[in-house]
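Dock chains B and C against the given chain A, drawing on the hints supplied.
Residue numbers (my numbering), protein chains in the order written: chain A, 1 to 345; chain B, 1 to 345; chain C, 1 to 345.
Hints in this document: simulated from the structure, not taken from any laboratory. Note that the structure is a prediction, hence the values are computed from the model and not measured. The reader is advised that the hints may include incorrect statements.
No distinction is drawn between identical chains; accordingly, a pair holds when it is met within one copy or between any pair of copies.
Derived SDA-like pairs: lysine to any residue, alpha-carbon spacing no greater than 25 angstroms straight-line [said to hold, decoys possible]:
# : residue 1 : residue 2
1 : 110       : 223
2 : 186       : 295
3 : 150       : 184
4 : 54        : 29
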Amino acid sequence: MTVTLAELARRFQGKARGNADTLIEGVAALQTAGPRDIAYMSDRKYLSQLAVTKAGAVILTEADATNYPGPALVVANPHLCFAQVAQLFHAFPVFKPGVHPTAVVSPAAKLASSAWVGPNSVIEAGVSIGEGVYIGPGCHVGANATIGAKTRLAANVVIGERCVTGDNCLFHPGAVIGSDGFGFAKDGDRWQKVPQIGRVQIGNEVEVGANTTIDRGALDDTVISDGVKLDNLIQIAHNVRIGENTAIAACVGIAGSTVIGRRCTIGGQAGVTGHLEIADDVHITAGSLVTSSIAQPGVYSASLKAEPAEKWRRNAARLHHLDELARRLAGLEEKLQQHFEEPKN
Amino acid sequence: MTVTLAELARRFQGKARGNADTLIEGVAALQTAGPRDIAYMSDRKYLSQLAVTKAGAVILTEADATNYPGPALVVANPHLCFAQVAQLFHAFPVFKPGVHPTAVVSPAAKLASSAWVGPNSVIEAGVSIGEGVYIGPGCHVGANATIGAKTRLAANVVIGERCVTGDNCLFHPGAVIGSDGFGFAKDGDRWQKVPQIGRVQIGNEVEVGANTTIDRGALDDTVISDGVKLDNLIQIAHNVRIGENTAIAACVGIAGSTVIGRRCTIGGQAGVTGHLEIADDVHITAGSLVTSSIAQPGVYSASLKAEPAEKWRRNAARLHHLDELARRLAGLEEKLQQHFEEPKN
Amino acid sequence: MTVTLAELARRFQGKARGNADTLIEGVAALQTAGPRDIAYMSDRKYLSQLAVTKAGAVILTEADATNYPGPALVVANPHLCFAQVAQLFHAFPVFKPGVHPTAVVSPAAKLASSAWVGPNSVIEAGVSIGEGVYIGPGCHVGANATIGAKTRLAANVVIGERCVTGDNCLFHPGAVIGSDGFGFAKDGDRWQKVPQIGRVQIGNEVEVGANTTIDRGALDDTVISDGVKLDNLIQIAHNVRIGENTAIAACVGIAGSTVIGRRCTIGGQAGVTGHLEIADDVHITAGSLVTSSIAQPGVYSASLKAEPAEKWRRNAARLHHLDELARRLAGLEEKLQQHFEEPKN
Chain A
1 MTVTLAELAR
11 RFQGKARGNA
21 DTLIEGVAAL
31 QTAGPRDIAY
41 MSDRKYLSQL
51 AVTKAGAVIL
61 TEADATNYPG
71 PALVVANPHL
81 CFAQVAQLFH
91 AFPVFKPGVH
101 PTAVVSPAAK
111 LASSAWVGPN
121 SVIEAGVSIG
131 EGVYIGPGCH
141 VGANATIGAK
151 TRLAANVVIG
161 ERCVTGDNCL
171 FHPGAVIGSD
181 GFGFAKDGDR
191 WQKVPQIGRV
201 QIGNEVEVGA
211 NTTIDRGALD
221 DTVISDGVKL
231 DNLIQIAHNV
241 RIGENTAIAA
251 CVGIAGSTVI
261 GRRCTIGGQA
271 GVTGHLEIAD
281 DVHITAGSLV
291 TSSIAQPGVY
301 SASLKAEPAE
311 KWRRNAARLH
321 HLDELARRLA
331 GLEEKLQQHF
341 EEPKN
Chain B
1 MTVTLAELAR
11 RFQGKARGNA
21 DTLIEGVAAL
31 QTAGPRDIAY
41 MSDRKYLSQL
51 AVTKAGAVIL
61 TEADATNYPG
71 PALVVANPHL
81 CFAQVAQLFH
91 AFPVFKPGVH
101 PTAVVSPAAK
111 LASSAWVGPN
121 SVIEAGVSIG
131 EGVYIGPGCH
141 VGANATIGAK
151 TRLAANVVIG
161 ERCVTGDNCL
171 FHPGAVIGSD
181 GFGFAKDGDR
191 WQKVPQIGRV
201 QIGNEVEVGA
211 NTTIDRGALD
221 DTVISDGVKL
231 DNLIQIAHNV
241 RIGENTAIAA
251 CVGIAGSTVI
261 GRRCTIGGQA
271 GVTGHLEIAD
281 DVHITAGSLV
291 TSSIAQPGVY
301 SASLKAEPAE
311 KWRRNAARLH
321 HLDELARRLA
331 GLEEKLQQHF
341 EEPKN
Chain C
1 MTVTLAELAR
11 RFQGKARGNA
21 DTLIEGVAAL
31 QTAGPRDIAY
41 MSDRKYLSQL
51 AVTKAGAVIL
61 TEADATNYPG
71 PALVVANPHL
81 CFAQVAQLFH
91 AFPVFKPGVH
101 PTAVVSPAAK
111 LASSAWVGPN
121 SVIEAGVSIG
131 EGVYIGPGCH
141 VGANATIGAK
151 TRLAANVVIG
161 ERCVTGDNCL
171 FHPGAVIGSD
181 GFGFAKDGDR
191 WQKVPQIGRV
201 QIGNEVEVGA
211 NTTIDRGALD
221 DTVISDGVKL
231 DNLIQIAHNV
241 RIGENTAIAA
251 CVGIAGSTVI
261 GRRCTIGGQA
271 GVTGHLEIAD
281 DVHITAGSLV
291 TSSIAQPGVY
301 SASLKAEPAE
311 KWRRNAARLH
321 HLDELARRLA
331 GLEEKLQQHF
341 EEPKN
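Isolated chain A, as found in the complex:
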């Protein structure tokens, strides 16, 4: 696909600066772009790269475009515009609908005529697959599950029985939706399984990363709302509810029955323990553990920063006696107070 800079400006509500007839055939980074690529600069720390880029055009803010002599697409939000331009050039390829001869599709499943079921995938009875759905190889869609229109399952994705996904979702390889929640009752020394009979309900425009797992609810459902983005290797436990447009980075764990608000971000390897409520617009930094509910928007943290191990060991050793240290400090304060009977400031 070849598009002029003028055409890109028209499509994405920007202004073409410089030669508006510049032909663009793809997107690239400032450093590696060629004369038919469009690049972008979102941060001024890349000004030196902008100075020497060979890109055919660059997406810039008005302020940054002022000093750039080459063809530019001027917009308010270059990162967003770049995403849109990249989506134009890298749309998911058109595919021929149908069912691969090696797929195993129950006669009691309902497939939209524009859907594709890839090789060796298995679609059980009662499944409903919407228009434009793409199911890659090696997937399993359990009985009575529903896959919304234009949703895509990459390779080896598992969607458990009765689970529901909305439209325009994307599931990366190895994602598991609807595994049993971790529910057991104590029976003397042993654990008795509590059957997990809820579902996972996933909204529209949700993305689920590779090998991420989302457990079905114990009785009621686990709920992932519209626009939620989940990175790789995340664990979402039973009966968790995640609000619209929350984004969670890799290796995070959310324990059972916790409710996360809308527009939150959770950094990589962070954790949230069970039965908590996290408000809208809460941001948790990487590696932090949340162990009580958060009612106010804002940034929350509990992570430590690696330092040379010898130094760290000394500090950490003191931490394991911090209560004693604090008592000693209080003792000193009291002693001084008694001896001097100072007037308060």
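Structure of chains B and C alone, referenced to chain A:
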């Protein structure tokens, strides 16, 4: 299935209170239950839900049943009784034994006549599959592995060669049993692989979560004892041994050769480093790292709790100078001691 | 395979001590070895096991061999020698090349004649598969990907389109290479996907653990250099670059665009945030979070050690007031200084 409250009381050693002929057809939560559902209350914080529940019957302790006017199943442990009742209503469905035409089963594998091998699963030579085993779609059982009676493999489970599982186990989608341990010998700058020739031995009634990985032993075996419950995305390294009825929450990592006792619980995202011994009845809180052996039962912790980031940053910055701070405190104490030569209290 | 001790000494540049005609047929641990096994001792804490071993021969250093009366293979580095001997006895089995009848191989893929494609694996158009490659069951190799000679994919491995692996790599079950990076642009409350169009480039002799995920680059490539060893359940984000012979233990997360040096080691559950540079020969301890670049080789840490929870709770509570405590200490110091106008030591 429809059962009277009286029948439930008989089966599960409880007492029926109120109309013993109440018909029950399923389980549900207090809030969503209807007149043919049985619910339970395990914690008195849900008393307000109990007051308005529409459940046909509720599983309660004697004390809680006193004030409840509706039909009740009175037992000592409502949570356990609920698990048993739910198992009754939600037993794993009866399946027709056999081998799906798309499965690839070695003629040198031995399958019990009551077992099922699902679509696109691959069973290698020398495998032994017990009575009532259910193997879902897309699984791989490696050469000479043994799957005990009534064990179930959900979709896309991998059991490595020579590994052994006991009876009545449940493996969730994407679980990998018997991948190589992480064993290498330094060879100048490079790493030489140490072949991993042990197995994974899994006992009876073990549950393994989605995308959890259990490595085979280097020379001897990795051992998961009877009744162990593992949640999703857990890593069990080579030659780990886990004692009976220990339960481990999601995202935990156990490093090589560590031995975990019986009846332990390990919270989500906790870690245990290698070559340790953890006693029976040890409980490790979520997010805590265990770096030395634990000889005494009890609760162990090392996790921090997220707080507003600005406040946290100030505290964490001080932590990175805690050794200096402790030295300054000791200096003050000494100085005061010298100046006042106080008599000890 | 049966080999004399003398032959092992010849192959691995060691010295046979004792009966050089001792026949060896396998490797084992000191404690479980029999008369046809060779074992090794790398650490003198196992001297008591050495004293009673039934092994046919033992790999020892010169110093340790002095006091051992039985047949020994004397080398400088017993662990390395053991790895090599074990590789000899446990070489990956010879396999018959070809394509399993249930595999789905595009006519536009190019397979070396000595390669094997296992049951239910799917090889897309434009793929190039090198000599001696072994592809296990249930794998998916995306369009235009390249698999280097003698590389092995265990069961259910996914290699994304256009990704490249070198020679002699090993991918464990469930590994996902080339899933999309986690890239989104803010669009009001919503997230717009930034198409991820880079690749994953993997060097030679790389090992990737079970259910580990490596995302493709956003525009440029994610790069895993020669000799890198990755354990299970690791997340490598888009545009990360990892230097030669770095080894990373399980459950680690490396965030986007971070560059890790050569010969580093990263302990289990450690994390490295995005856009950092980590020098060569950096070692990060288990559970530590790295949040700024590291320019000097050495050991870095930030992990805490679980202790009895009651004690820990008191210390952790103080940590959340550490800034205040430090201010109080400074106040005391100032007060004492004022009151005594002491001469400095």
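Here is what the structure says about each hint:
no.: 1; hint: 110 <-> 223; verdict: within (24 angstroms within a copy, 42 angstroms between copies)
no.: 2; hint: 186 <-> 295; verdict: between (33 angstroms within a copy, 24 angstroms between copies)
no.: 3; hint: 150 <-> 184; verdict: between (37 angstroms within a copy, 19 angstroms between copies)
no.: 4; hint: 54 <-> 29; verdict: within (10 angstroms within a copy, 61 angstroms between copies)
Comparing the model with each numbered hint stated earlier shows that all of them hold.
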